[in-house]
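S.K.: Quick mapping for you: the protein sequence lines, in order, are chains H, D and Y.
If you're matching positions, the first sequence starts at 46 in the working numbering and goes up one per residue.
If you're matching positions, the second sequence starts at 27 in the working numbering and goes up one per residue.
If you're matching positions, the third sequence starts at 287 in the working numbering and goes up one per residue.
No wet-lab data here; the hints were simulated from the structure.
Any given hint could be a false lead.
[What the hints assert, rightly or not] With a Cα cut of at most 30 Å, we get these calculated DSS-like pairs of lysine-lysine: (1) H:Lys82 x Y:Lys310; (2) D:Lys157 x D:Lys186; (3) Y:Lys424 x Y:Lys408; (4) H:Lys72 x D:Lys181; (5) Y:Lys310 x Y:Lys398; (6) H:Lys116 x D:Lys69; (7) D:Lys181 x H:Lys82; (8) D:Lys337 x H:Lys116; (9) H:Lys116 x D:Lys268; (10) D:Lys359 x Y:Lys609.
Quick caveat: nothing in here was measured; it's all calculated off a predicted structure.
Okay, here's what each chain looks like letter by letter:
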Amino acid sequence: MCLAIPVQITSINGTEADVRVGNIVKKASLWLTPQAKVGDYVLLHTGYAIAIVDEAEAEETLSLFREMADKMEDQWQQ
Amino acid sequence: MATVDDFRRSELVAGIVSSINRHATREARFMEFCGGHTVAILKNGIRQLLPPTIILTSGPGCPVCVTDNADLDKAIALAKLPDLILVSFGDMLRVPGSCSSLQEVRAAGNDVRIVYSPLDALELARTNPQKSVVFLAVGFETTAPGVAASVLQAKQEGLKNYYILSLHKLCPPITKVLLDSGEINLQGLICPGHVSAIIGSEPWQFIAGDYGIPCVVSGFEPLDILQCVDMLTQQVAREEAKVEIAYKRGVTPQGNQTAIKIMEQVFQPAPANWRGVGEVADSGLALRPEFKDFDAELNFDFDPGPTKTQKGCICGDILRGVKTPQECKLFRKVCTPVSPVGPCMVSSEGSCAAYYHYGEDNER
Amino acid sequence: MPPIITTGKTMRDKVLLAHGSGGKLAHEIVRNSFVSALDNPILNPLDDSAIISAKGRLAFTTDSYVVQPIFFPGGDIGRLAICGTVNDLSMVGAKPLYLSLSFIIEEGLLIKDLERVVASIKETAEESGVKIVTGDTKVVNRGSADRLFINTAGVGIIPPKVDISGHNAQPGDAVIINGTIGDHGIAVLSQREGLGFATKLESDCSPLNGLVAEMLEASNAMRCLRDPTRGGLASTLNELAEQSRVSIRIEEDRIPVREEVAGACEMLGLDPLHVANEGKLVAVVEAKDAEAVVARMKKNKYGRDAAIIGEVREEHPGRVVMKTRLGTSRIVDMLVGEPLPRIC
Numbered sequence: 046m047c048l049a050i051p052v053q054i055t056s057i058n059g060t061e062a063d064v065r066v067g068n069i070v071k072k073a074s075l076w077l078t079p080q081a082k083v084g085d086y087v088l089l090h091t092g093y094a095i096a097i098v099d100e101a102e103a104e105e106t107l108s109l110f111r112e113m114a115d116k117m118e119d120q121w122q123q
Numbered sequence: 027m028a029t030v031d032d033f034r035r036s037e038l039v040a041g042i043v044s045s046i047n048r049h050a051t052r053e054a055r056f057m058e059f060c061g062g063h064t065v066a067i068l069k070n071g072i073r074q075l076l077p078p079t080i081i082l083t084s085g086p087g088c089p090v091c092v093t094d095n096a097d098l099d100k101a102i103a104l105a106k107l108p109d110l111i112l113v114s115f116g117d118m119l120r121v122p123g124s125c126s127s128l129q130e131v132r133a134a135g136n137d138v139r140i141v142y143s144p145l146d147a148l149e150l151a152r153t154n155p156q157k158s159v160v161f162l163a164v165g166f167e168t169t170a171p172g173v174a175a176s177v178l179q180a181k182q183e184g185l186k187n188y189y190i191l192s193l194h195k196l197c198p199p200i201t202k203v204l205l206d207s208g209e210i211n212l213q214g215l216i217c218p219g220h221v222s223a224i225i226g227s228e229p230w231q232f233i234a235g236d237y238g239i240p241c242v243v244s245g246f247e248p249l250d251i252l253q254c255v256d257m258l259t260q261q262v263a264r265e266e267a268k269v270e271i272a273y274k275r276g277v278t279p280q281g282n283q284t285a286i287k288i289m290e291q292v293f294q295p296a297p298a299n300w301r302g303v304g305e306v307a308d309s310g311l312a313l314r315p316e317f318k319d320f321d322a323e324l325n326f327d328f329d330p331g332p333t334k335t336q337k338g339c340i341c342g343d344i345l346r347g348v349k350t351p352q353e354c355k356l357f358r359k360v361c362t363p364v365s366p367v368g369p370c371m372v373s374s375e376g377s378c379a380a381y382y383h384y385g386e387d388n389e390r
Numbered sequence: 287m288p289p290i291i292t293t294g295k296t297m298r299d300k301v302l303l304a305h306g307s308g309g310k311l312a313h314e315i316v317r318n319s320f321v322s323a324l325d326n327p328i329l330n331p332l333d334d335s336a337i338i339s340a341k342g343r344l345a346f347t348t349d350s351y352v353v354q355p356i357f358f359p360g361g362d363i364g365r366l367a368i369c370g371t372v373n374d375l376s377m378v379g380a381k382p383l384y385l386s387l388s389f390i391i392e393e394g395l396l397i398k399d400l401e402r403v404v405a406s407i408k409e410t411a412e413e414s415g416v417k418i419v420t421g422d423t424k425v426v427n428r429g430s431a432d433r434l435f436i437n438t439a440g441v442g443i444i445p446p447k448v449d450i451s452g453h454n455a456q457p458g459d460a461v462i463i464n465g466t467i468g469d470h471g472i473a474v475l476s477q478r479e480g481l482g483f484a485t486k487l488e489s490d491c492s493p494l495n496g497l498v499a500e501m502l503e504a505s506n507a508m509r510c511l512r513d514p515t516r517g518g519l520a521s522t523l524n525e526l527a528e529q530s531r532v533s534i535r536i537e538e539d540r541i542p543v544r545e546e547v548a549g550a551c552e553m554l555g556l557d558p559l560h561v562a563n564e565g566k567l568v569a570v571v572e573a574k575d576a577e578a579v580v581a582r583m584k585k586n587k588y589g590r591d592a593a594i595i596g597e598v599r600e601e602h603p604g605r606v607v608m609k610t611r612l613g614t615s616r617i618v619d620m621l622v623g624e625p626l627p628r629i630c
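With the rest of the complex left out, here is chain H (with noise of 0.2 Å):
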């Protein structure tokens, strides 16, 4: 459970990093994360970067979505 959401590190100065979603820019501690680079999405939960977001692994997942739904339509149309 929790809310935690992707955002990206603009900018890092020490254990502390700027992140963005749409156009709003946050603080967030790196503490967790100490290795996350600029340019990096990171999960966000209560101002701390949890996790690096795998981004190879996320257009994976959507690619399987799209084969999926590629699947679907084949089917419909037999």
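Given the coordinates of chain H, work out where chains D and Y should sit on it, guided by the hints.
M.R.: Only chains D and Y this time, still in chain H's reference frame:
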């Protein structure tokens, strides 16, 4: 870059739903552990997309809801102390304790503040050196590492007026208790996505291994939840039981090791009181002895008073998954968001609040 | 800008209790800070009551403004006060004419802040074509008011044959909004301590009487008008559904929401449907006129993003339902309590 909106796209829904329909040949009850999932399921009308063979049941995953009256009373008692600022996440304010709430205590003139992050509590400690700042630390493994980091930061800075009242709880232990109780019959578990982002998918192995129940870690967007249900349905159809991750962009088997280390550095497992269940060993987090200077329970003299429970409130049953909000005699009639009896109606991730706000149309 | 009040050799830059006492200092602040800015023949005599005349059905409304902070991106408490009352009058189809203006000032408020608010009131009153004709000033002890509270009352005339009320919605009617929702609430929240997010988003605080006049020209079958302020669009739709004993069905992907508002709501765990607006109106109009009304609205600067967002139905009176982007449906409830930023 894939965005949050991509995981809400309506044109991708039908494909996943079609797969679920193909595989959902037997009746199956899945529990979504997490209150955030309960809300997402109702808000998006997920049940309307599922075949009647699939039943979704909400679980205990709302840390506000599972906070016992006795524990909330401690926070209320602390808030009444002079020269003390009680700092909390917003959700806790309207939860009724034995005879009061943090909101009422604030209205009576005591200093109770809402924050979004433990970092805000740290800042309050810095800017109010003559007062004690006590942070009401509620939350599961998603939230505990951040709170732990705030304690380490306070120690680093030499802050002497920052304290934690730890009501943190752990998810796998309570799940074991629910399964051992025999009260519910589950064919699958929708595992909490952000708790798992921290602890990984490994800690859920015992559910598949010892209980033979399929587990899939899910994200919170509608497509994520549908994908999770699809994967669970397929395991059920194949008579398998293993732990899988649907939410691959956020969760790995090992989780966030840095966060786990920080959490374990500051906290140790301790008994915790769960509403509706009682005390469960090693299911909560307490500050380690070397951090006793930050422990509100050890550093303040306060009396929470006798514990009372609200008559007729079945939040406990709802949290254990044995009753639904609609089965509560008080739901909608006496217990509403404006005048809540129990926490499930107050918390933004509470089952009762979710059913109240988003409707019963899709109730099973 | 009117000059800072001076008495003798001392330059006063703060409002004092004496300014509200009715004595010399009070007269000075009224003359220098208020009257010179809001100058009009009805106000100028400064009698105990303004004398006005108006013929026809009068609309009369009052509101108090306690927004915190008093200055926010895109507006301030002064603009808010005028727009709020002008819009309340417009929502019954009245042409707003005269406003009263009462200040409750916390001792210690900077005079320059007060004058900035008054300048904003003057500008907004001029834009809306209304006159401030009477007022009052009270000063209270430090701590007894949060810098500045304002109360306004307003009077307007409803043209003959115009009958707009929350009770008029009928099954089949179209539901229209004039633009993006949630802007004001998020702009104000962004200034609140402890939420710490930065955005260029501005409040949508604006007077809608001009827009309403044009909408009434485009259709003589306007059933309801309401401005979704505190409680947001969701609360307003629920009110209308309840008053008219109908249900309302809206579609999620037709509702205009700015990216910044959506992002902030995600971050804070809020629903844009529950966030306050100060420059928006919901219109219920007979379906046959809906397109024409929207087309006319889009020509007005406060209606550029106007859209039909749903329809009125007969079944389940009092209920508001939304078709989600996924094609499923869910109930849209009224806002309960204060939207607190949450975690989990």
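S.K.: Each hint needs a verdict: does it hold in this structure or not?
M.R.: Hints versus structure:
1. For the suggested pair Lys82 of chain H and Lys310 of chain Y, the alpha carbons sit about 64 Å apart, so the restraint of at most 30 Å is broken.
2. With a C-alpha separation of about 10 Å, the suggested pairing of Lys157 of chain D with Lys186 of chain D holds against the 30 Å cut-off.
3. For a cut-off of 30 Å, the pair hint linking Lys424 of chain Y to Lys408 of chain Y stands: about 20 Å separates their Cα positions.
4. Taking the CA atoms of Lys72 of chain H and Lys181 of chain D, the gap is about 21 Å. The hint holds against a cut of 30 Å.
5. For the hint linking Lys310 of chain Y to Lys398 of chain Y, the alpha-carbon distance of about 20 Å falls within 30 Å, and the restraint holds.
6. A threshold of 30 Å between alpha carbons decides the hint, and for Lys116 of chain H with Lys69 of chain D the separation of about 28 Å falls inside it, so the pair holds.
7. Between the alpha carbons of Lys181 of chain D and Lys82 of chain H the distance comes to roughly 26 Å, so the proposed pair stays at or under 30 Å and holds.
8. For the hint pairing Lys337 of chain D with Lys116 of chain H, the CA-to-CA distance comes to about 53 Å; that exceeds 30 Å, so the pair is violated.
9. Distance restraint check for Lys116 of chain H and Lys268 of chain D: the Cα-Cα separation of roughly 26 Å lies within the 30 Å cut-off, and the hinted pair is therefore satisfied.
10. The straight-line distance between the Cα atoms of Lys359 of chain D and Lys609 of chain Y is roughly 27 Å, inside the 30 Å bound, and the hint therefore holds.
Of the numbered hints stated above, those contradicted by the structure are hints 1, 8, listed in ascending order.
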